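Asker: One letter stands for each residue in the lines below.
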Amino acid sequence: MNSFQTFSKYVARMLTGALLVSSAFISSLFAFQAGSIPAARLIQAEDLVKLLNGSGEKPLIIQVGSRLFYLQAHIPGSEYIGPASSEAGISQLRKRLDPLPRNKFIVLYCGCCPWNHCPNVKPANDALQAMGFQNVKVLYIENNFGIDWVNKGYPVAKGE
Amino acid sequence: MFALLACGIAIAPFAPAKLPNNPGNSRPHPLAPDFALRDLNGKEVRLSSYRGKVVLLDFWATWCDPCREEIPHFIEMQNKYGAQGLQIIGISMDDSADPVRYFYHQFHMNYPVVMGDAKTAEQYGGVLGLPIAFVIDPAGHIYARHIGPTPPSVFEKEVRLALQKGTSAPVK
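If you read the protein sequences in the order shown, they are chains C and U. Its first residue numbered 1, the first sequence is counted upward by one per residue in the numbering used here. Its first residue numbered 1, the second sequence is counted upward by one per residue in the numbering used here.
Keep in mind the hints are simulated off the structure, nothing from the lab. Predicted, not measured: the structure shown is a model, and the values here were computed from it. Careful: at least some of the hints might be erroneous.
To be verified - Below, simulated DSS-like cross-link-like pairs (lysine-lysine); rule was C-alpha separation at most 25 Å, straight line:
1) C/Lys158 - C/Lys50
2) U/Lys119 - C/Lys158
3) C/Lys158 - C/Lys58
4) U/Lys157 - U/Lys43
5) C/Lys58 - C/Lys152
6) U/Lys119 - C/Lys152
Next up, chain U with everything else stripped away, as it sits in the complex (with noise of 0.2 Å):
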């Protein structure tokens, strides 16, 4: 019931952000930011060298409630399409690496996590609130935003046809 109550709120737009929320529409999607940040064991991971994949990067915290409530589906979600081509990378917004470290094993997460910063939270359109999610095809153009907490099932949804659309994004 939390859960629903909670989409209903995730539907609210984020007006600063020139970036689609509407897979699938026919206007060029534009490119997903590129940044580098450091994962959990100081290696830089750059959103370009995942070109090819597609990718769900994932705004969150290990504070934000409705964040970690979507970890679980994630794992599954990169054990499942991962072998095809989905690449999720958490971009964590907690003020130290501790706790986020600490989660991680907690969790046993098989994907990356890197640490946040102001910089790329702005060139993503602001993140002033949690979780905020893309979903970014293999071209490396937004495919997807989500704000707020959303069912797996429409993570699920638009992974499957951004991984069936290969390359064949529309190009900005």
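Pulled out of the complex, with its shape left as it was, chain C reads as follows (with noise of 0.2 Å):
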């Protein structure tokens, strides 16, 4: 091996472990997002239920987590719109929920990771307050949807 392509390996490795570091510190900046979400504006898994038990004005429900996810369970009448971490999740969300009147119960949830670790529920709830609606939940989800939503027994349903 000449010293040209010795010194192209060493760049290559430098560059690869630049990324695997960078990468890291962009996933620290935002492993708190959900966590930044105000408090008042959570709801819990209990109260939740009791809503979509009870004769009260139900929430409009909307999955912005995985497709995947949604198909092997999801919160029965919940719609799914899309990982709003990314911007065609955001664009399906404001396309979908543009039309409704700014007073609509809106409920968002995701359960794709641990909380702070959630990619999704933040930028979802930033744009409906962007948007101007003033009556939206966070569905509060610790660990994830398996382990606080459906292994608890509240309502699941699968498919489309």
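Build the complex: two chains, separate frames, hints provided.
Answerer: If you want it as structure tokens, here you go:
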């Protein structure tokens, strides 16, 4: 191996290392996004279940996470929009909700990851806030949808 | 610190899955459900074709922070233990292959990544949170299961044990 090849290999390794470090740094910057949602904006699972079982106004429930998760299990009546961490997901969210009155009761949820690692609920909540929706709650899911909803025996639907 | 916090969360059990998360116990380990899924080049990857190897099956997604943080360790493990019989397989839970393909090349991933589906996820007890990983022994039995971020040292220890065990895994 000549010196140029050795140097190229060294540079490639350095770049890979830098990429990994910067990725970890970016991850840490975004890691607590969901954690910055004010407590008053959150709804606990048991309170949402009471709402669903009650006779009062039912919220529009929007899943802003993975489609494969939604197909396996979702809150009955909820709508799949797509990951709000992507531009496509946010566009879809805006498109779906734009025609609705700004006092519409809306619940957002994801449950893809532990709460402080969820990349989806914060951008979705911010988008709705920017659109002027005043009656929005975000479902607090501490670990993931499997542990904190399905395993607790709360109502679940499958498929599309 | 983030990792430590996340690991504290990770040990919570996921009840519906009747799968072990206690490697090395004396109870029979269930056979890992077989699957045939397409990799990023459209080629079929069938789990049962890796019989005889220790397989680390990683359910992940590009948008999942803790998943992304585990990938460099998996790459390292594949390099370190591949010749001894370890095969890592990533099952992406992304909605489309494009971001996965981009990530795969950016991170120089050195093991196959297939696109997951709901059926396979359900066969593994439901994948309703990420990351989830399974260590499968050479006989095709699930040796360990991890929900949530897991320290690399834990995976490495289990892989070494599974490699040492060879094909003498308990039969269901």
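Asker: Taking the earlier hints as the rules, which of them does this structure contradict?
Answerer: Of the numbered hints, just 4 does not hold.
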